[in-house]
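Please build the complex by placing chains B and C on the supplied structure of chain A, with the hints as guidance.
Residue numbers (this note's numbering), protein chains in the order written: chain A, 154 to 334; chain B, 321 to 569; chain C, 8 to 364.
Keep in mind the hints are simulated off the structure, nothing from the lab. Any given hint might turn out to be false.
BS3-like cross-link-like pairs, simulated, lysine-lysine; straight-line CA separation at most 27 Å [unchecked claim]:
| hint | chain 1 | residue 1 | chain 2 | residue 2 |
| --- | --- | --- | --- | --- |
| 1 | C | K357 | A | K219 |
| 2 | B | K330 | B | K565 |
| 3 | B | K509 | B | K350 |
| 4 | A | K232 | A | K261 |
| 5 | C | K10 | A | K155 |
| 6 | C | K282 | A | K155 |
| 7 | B | K503 | B | K514 |
| 8 | A | K239 | A | K261 |
| 9 | C | K282 | A | K219 |
| 10 | B | K510 | B | K324 |
| 11 | B | K330 | C | K206 |
| 12 | A | K297 | C | K10 |
| 13 | B | K514 | C | K206 |
| 14 | A | K311 | C | K10 |
| 15 | B | K523 | C | K206 |
| 16 | B | K503 | B | K330 |
| 17 | B | K523 | B | K565 |
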Amino acid sequence: MKESLLLSGSGGQGIISGGFMLAESAVESDKHATFLPEYGPEQRGGSAQCTVTISDTEILSPLVKKCSSLIAMNEQAYKKFYTNLKAGGLMIINANRVTSEVTRKDVKVLSIPCDDIAVEIGNPKIAIIIMIGALLGASGILSKEAFLSSIEQKFAEKKPEVMEMNAIALQKGIDIGKQSL
Amino acid sequence: MAQKIYSRPKSLMPMPSGFCPGCLHPLATKLIADAIDELGQNNNAVHVLPVGCSALNLMYWRGDMLGAAHGRAPAAATGFKRSAPDRLVFAYQGDGDLAAIGLAEIMSAANRGENFTVFFANNSTYGMTGGQMAPTTLIGQKTSTTKYGRDAETTGFPMRMCEIISTLDAPYYVARFALNAPKGVNQAKKGIKKALQYQLEGKGFTFVELLTNCPTTWGMTPLQSLDYMETNTIPYFIPGVYKDKGEKA
Amino acid sequence: MAKVLMKGTVAIAEAAVRAGCRFFAGYPITPQNEIPEYLSWRLPEVGGAFVQGESEVASINMVYGAAANGTRAMTSSSSPGISLMTEGLSYLSGTKLPALVVNISRGGPGLGTIQPAQTDYLQATKAMGHGGFRVMVFAPSTLQEAVDLTYECFDYAERDRNPVLLLMDGSLGAIMEQVEFPPMKELTDEGTRKWNLAKHEGETRMPRMLTPVYPEVILENENKQRALLTKQWEENDVRVEEFMMEDAEYVVVAYGISARVSKEAILNLREQGHKVGLIRPITLFPFPKKTFQNLNYDQVKAFIDIELAIPAQMRDDIEVAVRGRAPVYEYGRSGGMLFDDESVYDAIHKIVTGGAE
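So that you can see chain A by itself, here it is in the shape it has in the complex:
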């Protein structure tokens, strides 16, 4: 098993921290993982993207042309990366922000209004967790428990409500992902 995941969106949408937690939970599940953030000279704002590769065996190239799953959190990210997804790959797009019509017929598409769901749960910042949940639910690359423990590490010092909200968001995403199977 080798999956390369491309997470994309804009600064502030949790792209980098979401990708990091994915890689971290992979390592804690005894898998191999690499995490490559794209960086520019700006300290804040602009686009954000990262590539996470998860594999049962040693990862040779952390730089891959085509990813197996793509999360696009806004229109710009979708437009920039929709061609980077392998045929047969999984595309998870933010239905609240991606306005283009999806033209690719050779990939599986999950269009999730993650911003709306996040607000319903109580915090717009957890939209990315819903998307990651959907990825886990649809692909099964990592267990829910592994990712939850990574969230716990990140939010250990925050209020328990934060952790709880993240857990709800993750479960919601997983459910959506599983339903799509």
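Frame of chain A, contents of chains B and C only:
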């Protein structure tokens, strides 16, 4: 019974100086050696050598020495002292080394308040390379790169390092002494010892400028060079204690 | 110790601490800033010292000072900053002081780009400063290897009384990957006691001088020693990985990140029945010449040098090792962009199928 009242400092090798006749470097070095002996530090001192005539001390000094790159003595001293805080560390730099190529290093070490001592031998020229203009060369002073005398119009003015360094908050002791006459020599000896004493007490950065000469490249006899210092160098580089945090308290 | 996910730069910093590094001086430059940032709090925790230098020039000279005391010392920078350190590197070698210098390289020349590149190979392997000295150059291609090499670099530096360079491009510096750290090294002054300026309680020794200036005859002898050292490195210290080389007809030569991407491409080419292998120098200097000498040139048809550099910089070393027995091709990107498994596949494929000029 005969009593020995004067002898060569333990921190110097028992050999004659090879510096040019009339040069004040050996005197400056001897004053430092005396102070280190008096403080009982001759086995503990580390002499950071610069590049320039001042580096010739490597032949005469008896004690641990570290040769630094041109201008970088304060950086090398920083690395050494931070790794060995109990050692008495001092750099001995000339004016080209300290005030031109090494300006960033001396200012930054002073500004960090590094706990070592810098002795600055200012003879207003590059002695070793043949007497070119230094940042400290006096207006009108002839050098091999200012044939008609230093012209402020194109080369600016001599840099006063004590005055500049004493504007920083961190340095603990900043002073300048002239070595052309006994009075200044005696004051210098006290100032040098004070600076080293402060370092031993962990007070931070100490800086002692010593006005010296270069009869060879100035084209003067040793005596003429001492007179030149009196009438030209000293009025511009005014001796005195520019900062002494220990006296204020 | 368990595996942890860590960024390349931070992994190097922690490995250095475990190797006994107790002094760091450095100046901010992208993409290596996590090294000084990490060590600024980590070194004081273990009784070491961190200084943010006023420049790369000052920083390398601070390392010089610390090394004179026998303290394990390092600095890190990226390409333009490394250029500023070359004087200091020459002085370290001239004075025979050990140190680790890490170059998380970016694209050049000039200010170039902050994006990754492998354009410092020639500087690293041929002339890391004036005066004709050489340094061992290690080029990891995974973060675990970066950790392990960093851990060993200080030992090589002390053994040889010469600085050691760890050369890793900015992409490996930025990547996060799982690493396992070796234990904290027991600190001794065994390697430096004979020459360092440190004082030991209750012991007296003759005064010592560490200087980069020598009378002519001694300087020549020192340089002969340095030449001998270089020979010994070539005899004993070459490190190289051979990947799928047994039956290889086409040999990719690549180091660092380029080697990793090439491996992926080679696996895909093998699936198509192409007999491609890889030689990955781990020590860029000493260069693994013998590996090339031992090849069967009835079998090997061509070499392909793959680097993030245009023109390819390792090519001269490959040509010298191959001695005209097979053609050498090159493929690279330069300017800060990376290549991926597919573009490397295409480049090799073109040569394998006779499409290269």
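Hint by hint, here is what the structure shows:
| no. | hint | verdict |
| --- | --- | --- |
| 1 | K357/C x K219/A | holds, 20 Å |
| 2 | K330/B x K565/B | violated, 30 Å |
| 3 | K509/B x K350/B | holds, 9 Å |
| 4 | K232/A x K261/A | holds, 17 Å |
| 5 | K10/C x K155/A | holds, 19 Å |
| 6 | K282/C x K155/A | holds, 24 Å |
| 7 | K503/B x K514/B | holds, 17 Å |
| 8 | K239/A x K261/A | holds, 10 Å |
| 9 | K282/C x K219/A | holds, 24 Å |
| 10 | K510/B x K324/B | holds, 22 Å |
| 11 | K330/B x K206/C | holds, 18 Å |
| 12 | K297/A x K10/C | holds, 20 Å |
| 13 | K514/B x K206/C | holds, 24 Å |
| 14 | K311/A x K10/C | holds, 25 Å |
| 15 | K523/B x K206/C | holds, 22 Å |
| 16 | K503/B x K330/B | holds, 24 Å |
| 17 | K523/B x K565/B | holds, 9 Å |
Going down the numbered hints, you'll see the structure goes against just number 2.
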